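**Q** Sequence:
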Amino acid sequence: MSPSAQDTRLKLLDGALRTVVEQGIAKTSARSIATTAGVNQALIFYHFGSVDELLAAACMHGAEQRVARYREQFAALGSLTELLAFARTMHAEERAAGQVAVLGQLLAAAQTSPALAAATSAGLALWIEELETVLTRLLTATPLAAFADPAGLARATAASFIGIELYEGIDSPGAARALDSLEQLAVLAQALEGLGPLSQRAVTHRLRRRSRE
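At position 185 of the sequence shown the residue is numbered 185 (the working numbering), and the sequence of numbers has no breaks.
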């Protein structure tokens with residue numbers, strides 16, 4: 001692909017995301033995207049085939065960019081408490097950047113568009129993969145390691161934050177309270193991390209007994 005073609009594709013991908021943020025999915029069309037991107041709308045169909053396919057590609061493009069933005073910070077986290085504190089900061093940054101609005105719009109549109117549903121799922125999978133890696137590493141040092149399912153927890157965490165992000169639009173104090181509750185769980189996990197070896201073994205033994213009941 002020539003540099004000019006790559007530049008046009010990038011303009012269309014960025015233009016599609018900006019249009020969703022600024023105008024909403026209902027007003028996102030070939031014309032509105034082309035206007036935002038500053039290109040001829042015929043190029044949408046030349047490069048992507050349809051508006052839905054462009055939006056699907058833009059969804060993945062946006063997710064890849066956002067995950068890459070935070071990857072080093074994920075890798076530097078040293079505890080579950082740090083993870084949740086970082087998540088709160090990241091949530092605020094994503095909302096300010098319009099990414100929460102994009103997610104809400106795409107989730108709504110995905111209900112009737114298979115292409116968008118697949119792309120939204122794939123985009124979320126990128127976040128889940130990062131979370132699973134972090135949770136696997138952080139839980140290893142706790143008595144919960146033998147019982148926790150990092151893959152399942154990563155999906156539950158992602159689902160929780162999606163819900164909180166969408167919920168914040170109608171009840172900001174309630175969303176903040178939900179984040180506070182998640183941080184309380186992290187404090188509990190941190191307390192377990194601080195136990196000595198004997199205490200950790202005792203907690204692990206008790207958890208195993210409870211899991212068999």
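What the hints contain is simulated information worked out from the structure, not anything from laboratory work.
Accuracy of the hints is not assured; some may be wrong.
The calculated label-pair distances, taken between Cβ atoms and stated as ranges, are [said to hold, decoys possible]:
no. : residue 1 : residue 2 : range
1   : Ala118    : Leu10     : 19 to 25 Å
2   : Lys27     : Gly49     : 17 to 23 Å
3   : Ala117    : Glu22     : 22 to 28 Å
These numbers were taken from a predicted model, which means no experiment stands behind them.
The C-beta atom is built at its ideal place from N, Cα and C for all residues, glycine as well.
**Q** If a hint holds in the structure, say so; if it does not, say that too.
**A** For each hint, the structure was consulted:
Range check, Ala118 to Leu10: about 22 Å between beta-carbon atoms, so the 19 to 25 Å window is met. Distance hint for Lys27 and Gly49: a CB-CB separation of about 21 Å, consistent with the stated range 17 to 23 Å. With their beta carbons about 23 Å apart, Ala117 and Glu22 fall inside the hinted range of 22 to 28 Å.
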